[in-house]
Amino acid sequence: MNPNSNTTKTGFSKSGFSCCAFWNVCNMGSDTCYYEESDPEVKTYCRCYQRKHSQNLTPKSDNKIEKPIQRDLFSSSDSIEDKKATGKDEMIQLSLF
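1 is the number of the first residue of the sequence shown in our numbering; add one for each residue after it.
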């Protein structure tokens, strides 16, 4: 195969690919890459290999879940700002007849 700037020596795309025909040999990227000796560049673009051998698999614990704001839906003492924001003063019941 004649490699260019977009492919490896054996013809794999440098933009990435999910797995090759030897997925059962490497156990979907868990074991060593079949092309490790002939074209070592292949494993850097194989997404299965990247997923199994990535060092950045730690879950993010910085994400804080905010509790939803509890509002009383039947409260008659809504502030003027809330009425303006929701447009409650313009809400009227419509009838089909």
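It should be emphasised that the hints constitute simulated quantities derived from the structure, not laboratory data. Careful, some of the hints might be misleading.
[What the hints assert, rightly or not] DEER-style ranges, computed between Cβ atoms:
| id | residue 1 | residue 2 | range |
| --- | --- | --- | --- |
| 1 | N24 | Y45 | 13 to 23 Å |
| 2 | A21 | I69 | 52 to 62 Å |
| 3 | S18 | L96 | 15 to 25 Å |
| 4 | I69 | R47 | 32 to 42 Å |
| 5 | K9 | S54 | 17 to 27 Å |
| 6 | T32 | N6 | 45 to 55 Å |
Yeah, the Cβ is synthetic: ideal placement off N, Cα and C, and Gly gets one too.
Verification of the hints:
{"no.": "1", "hint": "N24 <-> Y45: 13 to 23 Å", "result": "19 Å, holds"}
{"no.": "2", "hint": "A21 <-> I69: 52 to 62 Å", "result": "54 Å, holds"}
{"no.": "3", "hint": "S18 <-> L96: 15 to 25 Å", "result": "54 Å, violated"}
{"no.": "4", "hint": "I69 <-> R47: 32 to 42 Å", "result": "41 Å, holds"}
{"no.": "5", "hint": "K9 <-> S54: 17 to 27 Å", "result": "24 Å, holds"}
{"no.": "6", "hint": "T32 <-> N6: 45 to 55 Å", "result": "25 Å, violated"}
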